[in-house]
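**Student:** Each chain, letter by letter, is given below.
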Amino acid sequence: MHDKTLAELTRSLDAGDFSSRELTQHLLGRIDRLDGQLNSFITVTHEQALAAADAADAARAAGKAGALTGLPLALKDIFCTQDVKTTAGSRMLDSFIAPYDATVVEKLKAAGTVSLGKTNMDEFAMGSSNENSHYGPVKNPWDFTAVPGGSSGGSAAAVAAGFVPAAIGTDTGGSIRQPAAFCGITGLKPTYGRVSRYGMIAYASSLDQAGPMARSAEDCALLLNAMAGHDLRDSTCVQRGVPDYTEELGTALSGLKIGLPSEYFGDGLDPQVEAAVREAIKVFESLGASVREVSLPHTHYAIPAYYVIAPAEASSNLSRYDGVRFGHRCADPVDLIDLYKRSRAEGFGDEVKRRILIGTHTLSEGFFDAYYKKAQQVRRLIRQDFLDAFEEVDVLMGPAAPTPAFDLGANKDPVSMYLQDIYTIAINLAGIPGMSVPVGFAGKRPVGLQILGSHFNESRLLNVAHQFQLATDWHRQCPALAEENA
Amino acid sequence: MQWETVIGLEVHVQLATRSKIFSGASTAFGAEPNTQACAVDLGLPGVLPVLNEAAVAMAVKFGLAIDAEIPEVSVFDRKNYFYPDLPKGYQTSQMYQPIVGAGVVEITLEDGTTKPVRVHHAHLEEDAGKSLHEDFHGMTGVDLNRAGTPLLEIVSEPDMRSAKEAAAYLKAIHSIVTYLGISDGNMAEGSMRCDVNVSVRPKGQEAFGTRAEIKNVNSFRFVERAIAFEVERQIELLEDGGKVVQETRLFDPERDETRSMRTKEEANDYRYFPCPDLLPVVLDKAYIDHLRDNLPELPAEKRARFENELGLSAYDASVLSATREMADYFEEVKDVCQDAKQAANWVQGELAGALNRENLSIANSPVSARQLGELVARVLDDTINGKAAKQVFQALWNGQGASADDIIEAQGLKQVTDTGAIEAMIDQVIADSPAQVAQYRDAEPDKRGKMIGYFVGQVMKASRGTANPQQVNELLKQKLDALC
Numbered sequence: 001m002h003d004k005t006l007a008e009l010t011r012s013l014d015a016g017d018f019s020s021r022e023l024t025q026h027l028l029g030r031i032d033r034l035d036g037q038l039n040s041f042i043t044v045t046h047e048q049a050l051a052a053a054d055a056a057d058a059a060r061a062a063g064k065a066g067a068l069t070g071l072p073l074a075l076k077d078i079f080c081t082q083d084v085k086t087t088a089g090s091r092m093l094d095s096f097i098a099p100y101d102a103t104v105v106e107k108l109k110a111a112g113t114v115s116l117g118k119t120n121m122d123e124f125a126m127g128s129s130n131e132n133s134h135y136g137p138v139k140n141p142w143d144f145t146a147v148p149g150g151s152s153g154g155s156a157a158a159v160a161a162g163f164v165p166a167a168i169g170t171d172t173g174g175s176i177r178q179p180a181a182f183c184g185i186t187g188l189k190p191t192y193g194r195v196s197r198y199g200m201i202a203y204a205s206s207l208d209q210a211g212p213m214a215r216s217a218e219d220c221a222l223l224l225n226a227m228a229g230h231d232l233r234d235s236t237c238v239q240r241g242v243p244d245y246t247e248e249l250g251t252a253l254s255g256l257k258i259g260l261p262s263e264y265f266g267d268g269l270d271p272q273v274e275a276a277v278r279e280a281i282k283v284f285e286s287l288g289a290s291v292r293e294v295s296l297p298h299t300h301y302a303i304p305a306y307y308v309i310a311p312a313e314a315s316s317n318l319s320r321y322d323g324v325r326f327g328h329r330c331a332d333p334v335d336l337i338d339l340y341k342r343s344r345a346e347g348f349g350d351e352v353k354r355r356i357l358i359g360t361h362t363l364s365e366g367f368f369d370a371y372y373k374k375a376q377q378v379r380r381l382i383r384q385d386f387l388d389a390f391e392e393v394d395v396l397m398g399p400a401a402p403t404p405a406f407d408l409g410a411n412k413d414p415v416s417m418y419l420q421d422i423y424t425i426a427i428n429l430a431g432i433p434g435m436s437v438p439v440g441f442a443g444k445r446p447v448g449l450q451i452l453g454s455h456f457n458e459s460r461l462l463n464v465a466h467q468f469q470l471a472t473d474w475h476r477q478c479p480a481l482a483e484e485n486a
Numbered sequence: 001m002q003w004e005t006v007i008g009l010e011v012h013v014q015l016a017t018r019s020k021i022f023s024g025a026s027t028a029f030g031a032e033p034n035t036q037a038c039a040v041d042l043g044l045p046g047v048l049p050v051l052n053e054a055a056v057a058m059a060v061k062f063g064l065a066i067d068a069e070i071p072e073v074s075v076f077d078r079k080n081y082f083y084p085d086l087p088k089g090y091q092t093s094q095m096y097q098p099i100v101g102a103g104v105v106e107i108t109l110e111d112g113t114t115k116p117v118r119v120h121h122a123h124l125e126e127d128a129g130k131s132l133h134e135d136f137h138g139m140t141g142v143d144l145n146r147a148g149t150p151l152l153e154i155v156s157e158p159d160m161r162s163a164k165e166a167a168a169y170l171k172a173i174h175s176i177v178t179y180l181g182i183s184d185g186n187m188a189e190g191s192m193r194c195d196v197n198v199s200v201r202p203k204g205q206e207a208f209g210t211r212a213e214i215k216n217v218n219s220f221r222f223v224e225r226a227i228a229f230e231v232e233r234q235i236e237l238l239e240d241g242g243k244v245v246q247e248t249r250l251f252d253p254e255r256d257e258t259r260s261m262r263t264k265e266e267a268n269d270y271r272y273f274p275c276p277d278l279l280p281v282v283l284d285k286a287y288i289d290h291l292r293d294n295l296p297e298l299p300a301e302k303r304a305r306f307e308n309e310l311g312l313s314a315y316d317a318s319v320l321s322a323t324r325e326m327a328d329y330f331e332e333v334k335d336v337c338q339d340a341k342q343a344a345n346w347v348q349g350e351l352a353g354a355l356n357r358e359n360l361s362i363a364n365s366p367v368s369a370r371q372l373g374e375l376v377a378r379v380l381d382d383t384i385n386g387k388a389a390k391q392v393f394q395a396l397w398n399g400q401g402a403s404a405d406d407i408i409e410a411q412g413l414k415q416v417t418d419t420g421a422i423e424a425m426i427d428q429v430i431a432d433s434p435a436q437v438a439q440y441r442d443a444e445p446d447k448r449g450k451m452i453g454y455f456v457g458q459v460m461k462a463s464r465g466t467a468n469p470q471q472v473n474e475l476l477k478q479k480l481d482a483l484c
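Just so you know, the sequences run in chain order A and B.
The opening residue of the first sequence carries number 1 in full-length UniProt numbering; numbering runs sequentially from there.
The opening residue of the second sequence carries number 1 in full-length UniProt numbering; numbering runs sequentially from there.
A portion of the hints provided could be inaccurate.
Said to hold, decoys possible - Simulated crosslink set (DSSO-like; lysine-lysine; CA at most 30 Å straight-line): (1) A:K373 <-> B:K79; (2) B:K130 <-> A:K341; (3) B:K115 <-> B:K164; (4) B:K79 <-> A:K353.
Hints are computed from structural coordinates only; laboratory data are not their basis.
Can you make the complete structure from the sequences, with help from the hints?
**Tutor:** Structural data, given as structure tokens:
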């Protein structure tokens, strides 16, 4: 039962093949036995999961089951959960228990889902390999010598390993799409403002967005149905009707215009990744889509602009971790400054400190105009590039990452790590939705195709991915973990 | 050398919203520490601010009241610094695009002249919590009840030239915000505080001198005293060949002096940038017009109407329009008794005297405006005389009756105007005072006028104060003169 999609599991639950409790117990058992190899979970909530599963079974028995009732999933440990600790992958929040649920958590609970626990991640979502976690790195289920990607590495690995059929991640510069690509699953970063950020621990507020990670586009659509919508507690979450994202899933792709940004196929792109992506595009052509090359001329400014804006916001967002009210506090501070300095020095890891320093510098008097203001201007140009492209084509396609999953410990230099996000980061700056869909392998390691759409056009994106998945079975491939090998 | 003082004020007005500027927690004053701070006020991980529309409306009303430009778009920025009572490590404020643009406040000086003081802008921001240094045995306590309370910071141009002008400006702001009902104006509870920028320059010099900023002065009196001290300090420094340092100073009301807090070099770099959690505030014309159409009458308009339409003196008009409570009280008394001058006399005389004696504000007056109006009406229609009126007022003050009429009835204070009854009392007094009558008769006719006072007093006493004094006077004169 651990390799089924949400849609398939619902059919089995409805048919009485097994109960939500049995499904939950089965998956908890897998996590208990196998996650020692991967380290994808920070917290597993056995008791709460079984209680939620029982409630879901009761609801189903009473004829009150919805599309997600009784389906297990996992939450990136960046979503605040009442009574369950929320660490954001940081020593700073090692013992933090929020007195509230994030809006996304609340909505998924209301939809009847069963959370099995909180997944590992790069500290405060800062990273592209999940190596920046206070709780240790996560291993890629396809190849234990490789990273799972980041920052939602735990969520991606847990789905790929068959611990959960779906997980929720967040994406600030590629943190859903890149790990989805590295682990061979389907991930969606919705339009900025589509899903509430309330209760989601902030990294860079103008870029952060929560989204689903699952085995199929159809499952992502089911999850987005539950996650999306206006929230009075988040001013940046738009007041806009939520369509049924499964409704367009039957639409044929004939006449679909696909754009291939020339900037996404240039130097630095791994040939095996390129081959898999081009092969996938042929599938789309065979489904009736037309393909043309387009240009996103400001692409090469995306990483520099991002590494001004995101650290600037982060430096301010992370000021609240000062050891005064919650979170890590150093032992025996001699005075206030000592309390601040040591609590933060001990509580934060190196990458977080690096970005706080960058952000503090770029916002400083005398540098603000040259960095922050300029980066915002660049951001508008990048957004305009996409708006222009969507005048000509319906969707854009390219690789989700320049290489397949790289080796653990391979990118010691922060800048080479930052360059891993070269194809994903501009999408957050523009605020548009983006997906990663598995389209093949480079050796043992999966390759992801990125599909981009215009603002609030998730329905089309999901259908484009879904049609591909009806025609191929890359998304049904599963890694073999030790137990199965034995 | 002749020196000129230059003053600019930053006034922080606490807006009278029920909930905080970015959260639903209550803003009520005086609750137990940290009982009015929700997750948003505590800056817990993951929480987000949501702007309180009531605070926006109040800020715009203030802008309209001072004829300021209201920009279509305003933006919230983060002011970043670490402090234990600042939960998020930044204050959400407006640095670059404030909600209220340039405007003018008219101030009235003691001699009755007026002067315009320009307002540079006013912006919305959240208040911080409070650090409490006592009772914690070497540690500091933090109370976050106040964190997130909406403030309107009103920044003046350096247009004031004396401590008196600064106090008059502060009073004018106080009067506008209380008239608008956007603040309770309670300075003792910190609802209005100000930072004072003071510099001096040789008279006639164009360029400003180096200024010092005195932080957090919280009463009209302290503003005057702080400025007086600071001006003297700066002049003394300059005359001794020294230099004024640009710095932040603190006023100590107990020692009546200002002390250095930090110099410009020690100042924080606040790293302002637009708050990504809040959308820009966009105000359409219809919204602003609606607020404009519903503005109450403001102090300056009220003063002019009291003078021009009610015929009050400039002084009376200015005193009675000073606060909305005073003006509303006066207008009700006037409406009930139908005589503006008598109403003004009673409010500023008997009532103001009693309030002063017991240190009460007009809002807490034991005598309501309706009660006082009815009392004045009874004087005007000759039901009671002036002496009895004071007695009735005292009785109302002491809560001895619900209305003037009840008290007049109960205490028998109704004025006696029946000539026969008064004549009877006069005859009795004359009969009982043969010695005084003899003196009166023997006196020169031009001295008799003064002597009649004794008889008037006796008759009034016999009537227990209720006889009409004018009638008593006339009839007595007739009767005594007839004896001569």
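**Student:** Compare the structure with each hint and give your call.
**Tutor:** Do the hints match the structure? See the list:
The straight-line distance between the Cα atoms of K373 of chain A and K79 of chain B is roughly 16 Å, inside the 30 Å bound, and the hint therefore holds. Taking the CA atoms of K130 of chain B and K341 of chain A, the gap is about 22 Å. The hint holds against a cut of 30 Å. Proximity of K115 of chain B to K164 of chain B is assessed by CA-CA distance (about 12 Å); at most 30 Å being required, the pair is judged to hold. For a cut-off of 30 Å, the pair hint linking K79 of chain B to K353 of chain A stands: about 20 Å separates their Cα positions.
In summary, this structure violates none of the numbered hints.
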